[in-house]
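Engineer: What follows is each chain in one-letter form.
There are 4 protein chains.
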Amino acid sequence: MIQFHCDYAEGAHPEVLKMLTETNLEQTEGYGKDHYCAEARNIIKRICGTPNADVHFLVGGTQTNMTVISTILKSYEGVVSPETGHINVHETGAVEHSGHKVLTLPSPDGKINAMQLEQMILEQRNDEQHEHMVRPGMVYISFPTEMGTIYSLAELTTIYQVCRRFNMPLFIDGARLGYGLCSPKCDINIQQLAALCDVFYIGGTKVGALFGEAVVITNKKLQENFRYHIKQNGAMLAKGRLLGIQFKALFQDDIYWKISQHAVEQAMRIRQALIDKGYHFFVDSFTNQLFPIMTHEKAVELAKNFLFTTWQHMPQNQDVIRLCTSWATKPEDVTTLINSL
Amino acid sequence: MIQFHCDYAEGAHPEVLKMLTETNLEQTEGYGKDHYCAEARNIIKRICGTPNADVHFLVGGTQTNMTVISTILKSYEGVVSPETGHINVHETGAVEHSGHKVLTLPSPDGKINAMQLEQMILEQRNDEQHEHMVRPGMVYISFPTEMGTIYSLAELTTIYQVCRRFNMPLFIDGARLGYGLCSPKCDINIQQLAALCDVFYIGGTKVGALFGEAVVITNKKLQENFRYHIKQNGAMLAKGRLLGIQFKALFQDDIYWKISQHAVEQAMRIRQALIDKGYHFFVDSFTNQLFPIMTHEKAVELAKNFLFTTWQHMPQNQDVIRLCTSWATKPEDVTTLINSL
Amino acid sequence: MIQFHCDYAEGAHPEVLKMLTETNLEQTEGYGKDHYCAEARNIIKRICGTPNADVHFLVGGTQTNMTVISTILKSYEGVVSPETGHINVHETGAVEHSGHKVLTLPSPDGKINAMQLEQMILEQRNDEQHEHMVRPGMVYISFPTEMGTIYSLAELTTIYQVCRRFNMPLFIDGARLGYGLCSPKCDINIQQLAALCDVFYIGGTKVGALFGEAVVITNKKLQENFRYHIKQNGAMLAKGRLLGIQFKALFQDDIYWKISQHAVEQAMRIRQALIDKGYHFFVDSFTNQLFPIMTHEKAVELAKNFLFTTWQHMPQNQDVIRLCTSWATKPEDVTTLINSL
Amino acid sequence: MIQFHCDYAEGAHPEVLKMLTETNLEQTEGYGKDHYCAEARNIIKRICGTPNADVHFLVGGTQTNMTVISTILKSYEGVVSPETGHINVHETGAVEHSGHKVLTLPSPDGKINAMQLEQMILEQRNDEQHEHMVRPGMVYISFPTEMGTIYSLAELTTIYQVCRRFNMPLFIDGARLGYGLCSPKCDINIQQLAALCDVFYIGGTKVGALFGEAVVITNKKLQENFRYHIKQNGAMLAKGRLLGIQFKALFQDDIYWKISQHAVEQAMRIRQALIDKGYHFFVDSFTNQLFPIMTHEKAVELAKNFLFTTWQHMPQNQDVIRLCTSWATKPEDVTTLINSL
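Chains as they are written, first to last, in this note's numbering: chain A, 206 to 546; chain B, 206 to 546; chain C, 206 to 546; chain D, 206 to 546.
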């Protein structure tokens, strides 16, 4: 079986494992206070053009989302999210478990827009009974989204303008950040992204690391005592250096970007093949996730040799499937898939 | 200004005040362990036909909802609710504050149905990634609903069948219970209702009491240590007898039913007048709340002499307004309103 | 049986009931936005000498404590409290339920002192692993304490100096505030108390009201959106005016102070009699609570005619009992008690 | 500088890294559903003699403690813990953050005993106001304790008898389990330990793994839907196999026990040298942690060449220090330390 099911099926990029092995018996301080974390922080701040940011390393995505969101919100505030947002669907209610409502906006393609956002905020703030309602307190989006789509520079700019007007921090979930920024349709770089939000994270788990997410907090007001939040949420790795080492390995020679580029290229090969063969897409995407529509029979046939996700069933016996490439996807496996389409 | 804005604008039915005054200097034990609470509990259990139920008195509706719901759910479970449910809209996220997601079902008329419910449950339980999703753990409905509608015996029966099949407790918010059970369209009595759920409450705040909600827990499994939950949620009144006295006063001579009947009759007078004058309704209801549609100009004109809620704006310059009667509504005020329509 | 068991055995001072009855059928806005609440707020702000304070009315003590404390603390912060503090012992963990640790200081007499407090704060802040520890974020004391003792002006001043130095809000639980301020040993008035903390409350439940606590927030930073917190904690009374009316009745003609004075005088009569008869005290107090020590046999004998609390058992067959007077204590009942000692 | 500061200064045992490297590019299912996790689970169940246990792999200790404890407790229940327990001191209030009080028992040597426990439970359950108090709902101990001490078979047996009598689950934190079970004073094996509690975990982070804790749930009632809790607490590793691989590597050839044995032997060398040179101990321990007392000057001198923890200052210019060995401690470093004492 060839795997197009997800982007976390393998271990880590070999350079990551190599550096972990080379440093294995070195003695360092725990909890992220070691020199590898310091180095990785500096590299990331340089790349993001955010010398005053705070950078923290956490283990996984749900953990990162719940820690960041519960840090920012006051108890009576909720987080605005696209209906399809990971925090709203696939985190077993971790945000609610931390005490906060997820306020959803319709998002057929995984994205929200500035107008929707403004309208939701104004409706709550102008309501006679506003104190009886959850107050929108921050905005959560992902880049790329759960549907593989990305925001343009213009879109992100207008969303962030609304956020700033209403004094609501913007948090960008970058679990697949590399696959978004390396998309052929992306008109935004990491420095621009970093300047258009208050906090975001650079996903490692899905992009070459064994695990790990690098949280970049650019807004000074959100930086205070963040390490307390990390510890309280069980998210402070004892051997914190494991995270520093991995991000150092991924970023010191641009490995992160190269492997992201690779994954997107392989996805684009599949996308072109699908188009050539007349398939349509549920949502058209230019990152490492594709959502083609096919007959149920075709999907069943493909499933004999390939692992992928059946995203949803459609009328008239059609299925939407998700095909997912990653840093580890082999070009020959893509060729095999293309030949089977 | 005449008030049709809500059902909690006045104090209490005179009999309630009278009994509070007569018993004022009596010394009793605190926290609901007094003999008035005991008497009121017995009356309620008799009326409901539930000799083995536990009855507890709390102060207000949001408090009752959050206490009951957080008692029932496990941490990874959510409460299924109509989208319009009070817990989903007007409780400042108290349920989420207690750690749980509100899982919403579309409900144009305030009600949900058994089919919707079953489908939501099955979707989560059959999902490959079900452990990543909030598990539906109980169902919350209100009787009557936020839209003034009521469930028929058949509807409630099928909903409860689904609940029992999936081992999910059903909780009925009865903040306006009297106004529902006294509706001319109601084909269900309180004993039937009590037998078709696991826990419900009889609203006092909106039906003749100064404040107070009587929670009736019929399901043995949910009874254990409920008083701990009450206390922990700041919901245990020191002078608990105030609640026992009020419910005793309301139920010992059927005052509760008589005043509920009165409120619904006044609402039905308004409803008939609206129909006679050609108005349509956003949702047609037969309890103490009415939702007529009128032009914005007409609504503005009415607002010169009457207090009511503008429920929502509609296309083509139409408004939906809510008119609300109560146990205290004066027939002559209704006549004045009818003349102004 | 004559009751010296607690200070909430009766209903309300007759003037309170009278005003509730007189205003009963008046229609007002809900949720504390009525003119009675406005009047009561103004009276309280005048009495406290805090024209810029925010005043909110809640229903009960545990509810008030949990709402105020969870409003102030960040998620990784705890509340410093005397070990005997009500929040630490008798609120079923409501503070922890809201997510926060109670950090306790030893307090044999119910009080803490500035030196203890400073030492606890410094120990945490200077610890190498301070991020792994709960950070003291505010201070909770009560006036009078659970042991009936009161802070002197000098003591409160030094405690508040420590709080301000470390930027930690001070919250004074005034469930029995009247009984403290009317103590013959009290060298502090309500204006001084209001100036020596960030938020406090004036207890109504135990001092003449049916129920109700008036929260006075003097610190501007803690005022923002407090009504959201009230609602989210199920603490916003629908018929909010019931609270405004009660506090207006208690404060407009100094009833609150007169009845507090009465309760303390009756307690002092008992205290003198105990001393005259050779009893010692577990803690000596000058408010409405007394903690004499007596043989177990004597306590059993007293219990035939009087209700009181057995506070704790001591070695050598001695019991500590609590005798509690209130606004409603009858002088003749005190005489009967004295004769039985 | 030679490190005796903690037991997580290095990476992982070489066999662990080797297996991670060998399996790196294999594609597996995520979230712990892979065959490595399955194998590791089977090995652990066999070793523990618990064929019906559920075994789950989490990343770190605080995360494991908060997940297990919040799973077991009802909202009004607290966890009984020694005052020195890790959950009470060094987890930034993660347990309280999940809504529960830590109920502490005095524990000068890190241990509690059955009598203390029984007395605490009875005091709460027999209290007239028990519903106003947090109800002890489970017991947390660690093996070995934070002070390096261990429970004897007799001690653990009597503690567990109390737990069962009161229907309170016992949870054993085994962050350093290997170092406890390999102590020369230990009269208990892992199968006995597994039979004397309801849930425990085998620590990997401090005993040879990069990270990871294996939770063994022997009590059927606590097994249901535990994976939901893991996910909700952000504790479900995407590449779950990393945990399975590590535990497989540690347990398949008894590496876990061999390296634990090594660490304790090195600690015992230090202990004997301390005794020979006339040092006393704050608490005498026979695991990988030692707590000798020395003059402040001696501690300062040692600190020039060795990293260790100053545990606390004592009167008369004495310091308690903690010396900690691990699986990675080099015998020659121990020799150097001994020569410096």
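One thing to keep in mind: the hints can contain errors.
Because identical chains cannot be distinguished in the list, a pair is counted as satisfied if it fits within a single copy or across any two copies.
In silico DSS-like cross-links for lysine-lysine, where the CA-CA straight-line distance does not exceed 27 Å [to be verified]:
id, residue 1, residue 2
1, Lys482, Lys250
2, Lys482, Lys509
3, Lys223, Lys425
4, Lys503, Lys250
5, Lys279, Lys426
6, Lys425, Lys279
7, Lys535, Lys223
8, Lys250, Lys238
9, Lys535, Lys238
10, Lys463, Lys250
11, Lys426, Lys463
12, Lys238, Lys509
13, Lys223, Lys426
14, Lys535, Lys463
15, Lys223, Lys482
Source of the hints: derived by calculation from the structure; they are not laboratory data.
Engineer: A separate judgement is required for each hint: does it hold in the structure or not?
Structural biologist: These are the hints, each one checked on the structure:
no., hint, verdict
1, Lys482 with Lys250, "neither (44 Å within a copy, 51 Å between copies)"
2, Lys482 with Lys509, "within (20 Å within a copy, 67 Å between copies)"
3, Lys223 with Lys425, "neither (35 Å within a copy, 42 Å between copies)"
4, Lys503 with Lys250, "neither (47 Å within a copy, 42 Å between copies)"
5, Lys279 with Lys426, "both (14 Å within a copy, 14 Å between copies)"
6, Lys425 with Lys279, "both (17 Å within a copy, 17 Å between copies)"
7, Lys535 with Lys223, "both (21 Å within a copy, 24 Å between copies)"
8, Lys250 with Lys238, "within (17 Å within a copy, 36 Å between copies)"
9, Lys535 with Lys238, "between (37 Å within a copy, 23 Å between copies)"
10, Lys463 with Lys250, "within (19 Å within a copy, 43 Å between copies)"
11, Lys426 with Lys463, "neither (34 Å within a copy, 49 Å between copies)"
12, Lys238 with Lys509, "between (48 Å within a copy, 20 Å between copies)"
13, Lys223 with Lys426, "neither (38 Å within a copy, 43 Å between copies)"
14, Lys535 with Lys463, "within (14 Å within a copy, 40 Å between copies)"
15, Lys223 with Lys482, "neither (42 Å within a copy, 44 Å between copies)"
Hints 1, 3, 4, 11, 13, 15 from the list above are not met by this structure, while the remaining hints are.
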